[in-house]
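J.: One letter stands for each residue in the lines below.
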Amino acid sequence: MANVRLKNLTKTFGSVVAVDNVSLDIPDGKVTVLLGPSGCGKTTLLLMLAGIYQPTHGEVYFDDVMVNGIPPKLRNVGLVFQSYALYPHMTVFDNIAFPLRLQKVPKDEIRDRVHAITKVVQISDLLKRKPGQMSGGQQQRVALARALVKNPDLLLLDEPLSNLDARLRIETRVEIKRIQQEFGITTVLVTHDQVEAVTMADNVAVLKKGVLQQYSPPEELLLKPDNIFVASFMGDPPMNLLDTELVVRDDRAFFKCGSELEIPVPPEAREAVLSRTGKGLVIGIRPENMSLKEEEGDYAIRGKVFMVELLGRDKLVDFRFGEVALRVLVPADLPVNTGEELWIHPHQSRIHLFDKENSETIPIAV
Amino acid sequence: MTKKRGHFMIFLLLAPALLITLTFYLVPGILTGAMSFTNMDHRLTWNFVGFSNYVAMFKDTILSRVFWNTILYVFGTLLLFNVTFGLLIALATSYIAERHGEKPSLFFRALWLLPRFTPPIVYGVIWLWILDPTRNGLLNGVLNWFGQKPVSWISEFPMAVIVLTNGVIGASFGMILFYSAITSISREYNWAAAVDGAGWLHRIRYVTLPLIRWPLLFVTAYQTLSLLTSYEYILILTGGGPFYKTTVWSLYAYNEAFGGYYASYRFGYATALTLGLVIVSIIASVIYWRVFRFREMMSEPKIEVI
Amino acid sequence: MPKLKYDLASSHAGTATLVHLAKREARKEKLLTFFIYSFMILSSLPLVLGYGWLILNSFTDKMVYGVVPQGFTIKNFRFLWELPSRYYPDLWRTTWNTFLLALGMTAIMILVATPTAYVISRMKFPARGFLLAMTLILHSFPGVTLLISLYYVLRTLNLLNSLVGVFLVKAGLMLPLGIWIMKGFFDGVPWDVEMSGLVDGATRMQTLIKIVLPQVKPGIAAMAIFSFINGWSEYIYVITFIQTKESWTLSSYVNSIIGDFQFIDYGLLSATALFYIAPVLLFFIFTQKYLMAVTVSGSKGG
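Chains as they are written, first to last, in our numbering: chain A, 238 to 603; chain B, 317 to 622; chain C, 1440 to 1741.
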């Protein structure tokens, strides 16, 4: 097993910068997820770890060994492709045995190892099939077995769940996590799906246009986003992000959003915020970090329900304040009607504030 | 538009092609069949002689020679050049394209395609020079350089010459088809093979070749038929000689009809000879139809409006 | 954990070993590249030399050892202004004939093959399957079979020894190929585009002209070039059906030069051949990509 270190990694294709100066420490035995919208450079990064692409600048280290220029076959990595890339003319057994045969492993040992790994991924009864005769989920397991059979130091997974239907996706997610923990193998997984990232990762690296946005454990992405992009990308339904500026009236401070909405500044944030008076700010509150009540409270806002949208177990209540919209997530059984006037109670410690200029977080809470 | 008027329009669009095809396939086709039962010569008189042309074919000692020449020529060219050499060029140029970009790869492919678009007689001139029996030719010029005596290539190795000259043209068909098949293999297969530890040669053996076996089979089948009916370059370079050594079936038929040297205007016998080729080509067409699922190419139109 | 761990030669033998192994891989790669280029260059050498000779020899007095040119001259091109011998027809008339044949082929392939291919590719009518099958079968019909009876037909129609006869025969025999190729191009046009044309109020005829045809323009261009070169290069029908010198094309001309001058005047031979191939070479250099597309969809012969 290995830990992997990326140092100022850059990859350009012609004039397009796919990966831009990324530095990351990928810890041994953990799952690290590269997360971002399509075209953010996450797959390019993965292929550089595999040795298929060579970095334009910067270095990749496996433990302390610099592996730039080392071809894929010497890196001892396992790679599962989005399309699985199972060789269509080979049986499952031959597919999994292929890397071992190329290493000239003795026949008996190949057989033993293929049988052992197929037991782990539970496809022992499929060994004679060809990829075309199997479901997506089964092909996925074969691809995983082919990647694992050579005891790689690093397991790379490129969107491993995106070709599966919703139900199978949840099952496979658990399955991959189980196998990963069983082997304790360092794993890098690429995905555009935040739920996948949050459920599987020990650490998540969020990328946008090739630039690293934030690298932290998944819960921190939700609780402490480093910038507006991460805040808006993470969370479903998305965070309310409103342009705002600070106003002080009768010794009370408010975030004024548009002409009609004023959100009171929580007392613990006052110190940090007052210096920003008159500057462009963005306030962020997640829909689930507000509650709706009939009663007034210290920092509550009165609003009129514009629309109610049922989302399974929850409902999303849409308030309008002039041109500004604020969405609140409440349990589905809470009776809320369009046109009703209610008090919105933001959870004071969960208010995020960003600098509009550079879109970075302004730390407010203690 | 009503259906009737629509069909009339379709007929109008098809009419020129139908007319031309009828005139130049159906009429001559029937004539050929009829002529094979006559002893027609340059006077073009219809004198029916029953099956005597067909009987003559079985007694024709030259024809048995021609038959083996044809087998040797068709399969020699096919296996050495159209398939093997075409494949080698396709693999090499795809390797070059992968490492060093499209330009050098395209240069080589274009160079190999050029003979196919060269007027046959000019192509012939080039080979006549390369193989010239005097020191003026390329090969003998080089031999002379090393102090060797000139060799009469064409008369000493006639079969090798026609296999080589046809093969250089034939290789380009396989080259183009294989090249496009190889380059359309998903990149992920190649990457997977690289991660699994395969070098270029392993990749070809275990991934590329198995994935292009349909084009391989298609080129083999299709070019067999093409070679069987081609004789143009042989006519130019050897004329079928020396003494029938390079006369293949279709050239034999041509020479029986139009060849000035051995026989001429034996139209009856020549047409009987060609009908053998027709039977082979019809059988082959039917097989292609089945094997290569040509039905899929004729998927139903998705618009029913006319 | 299941027993999976076998001790491989681990890549963790340290930087030195890994770099050493990587260098070995790089050397192998270099060797392979060297072999591949050597193979391509050596096997292409006869082609390069052959076509190179055609050009060099036409402008030189003499080739030493058959390959080394000596002394620049244009006297090999004297056939451009004088007859090689008094039995030859006027070169420019011969060239004009060749050009007419090529142009005629292009015209008929575009004008007749295009509508036919469109109908077969995209319209629903009773005999469609039959026509398609016929096209395919005729496409692989051995030419020599028809050659003999066509001789009879042409002689009966009094078209022997005339360019028109050769043109008609060749057009007829090339047509199934042209239809097959053009059909391939029409098949590639997405149906949605034509459907939305119909919904927008066009008739099938209007969608063909305004929507489908513009999309197969590159295909038509490729066909045009292909047919032009094909007609320009024609050998067998010209040699077989035309004897009279007034109707010669350049194929007959060069054929005759081979017969009369092969061992006497290689300069003249290569110069006439170069004159014949020059337009093809020009076309080829600028359009080989198109020509490759056409070759795949339906070439025949050797």
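Derived from the structure by calculation, the hints contain no laboratory data. Do not take every clue at face value.
Stated by the list, open to error - Not close to chain B: a few residues of chain C, all C-beta gaps over 12 Å, as computed:
| # | residue |
| --- | --- |
| 1 | 1455 |
| 2 | 1513 |
| 3 | 1525 |
| 4 | 1528 |
| 5 | 1532 |
| 6 | 1653 |
| 7 | 1659 |
Stated by the list, open to error - 20 Å max Cα-Cα, derived DMTMM-like pairs, lysine to aspartate or glutamate:
| # | chain 1 | residue 1 | chain 2 | residue 2 |
| --- | --- | --- | --- | --- |
| 8 | A | 341 | C | 1464 |
| 9 | A | 552 | A | 535 |
| 10 | A | 552 | A | 531 |
| 11 | C | 1462 | A | 531 |
To be verified - To list a few chain C residues with every Cβ distance to chain A over 10 Å, as calculated:
| # | residue |
| --- | --- |
| 12 | 1457 |
| 13 | 1458 |
| 14 | 1568 |
| 15 | 1634 |
| 16 | 1675 |
For clarity, every value in this text was computed on a predicted model and none was experimentally measured. Glycine residues also receive a C-beta, built at the ideal position from the N, C-alpha and C atoms.
J.: Determine for every hint whether it applies to the structure shown.
T.: Now the hints, each set against the structure:
{"no.": "1", "hint": "1455", "in the structure": "21 Å, holds"}
{"no.": "2", "hint": "1513", "in the structure": "19 Å, holds"}
{"no.": "3", "hint": "1525", "in the structure": "22 Å, holds"}
{"no.": "4", "hint": "1528", "in the structure": "16 Å, holds"}
{"no.": "5", "hint": "1532", "in the structure": "18 Å, holds"}
{"no.": "6", "hint": "1653", "in the structure": "18 Å, holds"}
{"no.": "7", "hint": "1659", "in the structure": "16 Å, holds"}
{"no.": "8", "hint": "A:341 to C:1464", "in the structure": "17 Å, holds"}
{"no.": "9", "hint": "A:552 to A:535", "in the structure": "25 Å, violated"}
{"no.": "10", "hint": "A:552 to A:531", "in the structure": "17 Å, holds"}
{"no.": "11", "hint": "C:1462 to A:531", "in the structure": "74 Å, violated"}
{"no.": "12", "hint": "1457", "in the structure": "6 Å, violated"}
{"no.": "13", "hint": "1458", "in the structure": "8 Å, violated"}
{"no.": "14", "hint": "1568", "in the structure": "29 Å, holds"}
{"no.": "15", "hint": "1634", "in the structure": "29 Å, holds"}
{"no.": "16", "hint": "1675", "in the structure": "43 Å, holds"}
Checked against the numbered hints above, the structure violates hints 9, 11, 12 and 13; every other hint is satisfied.
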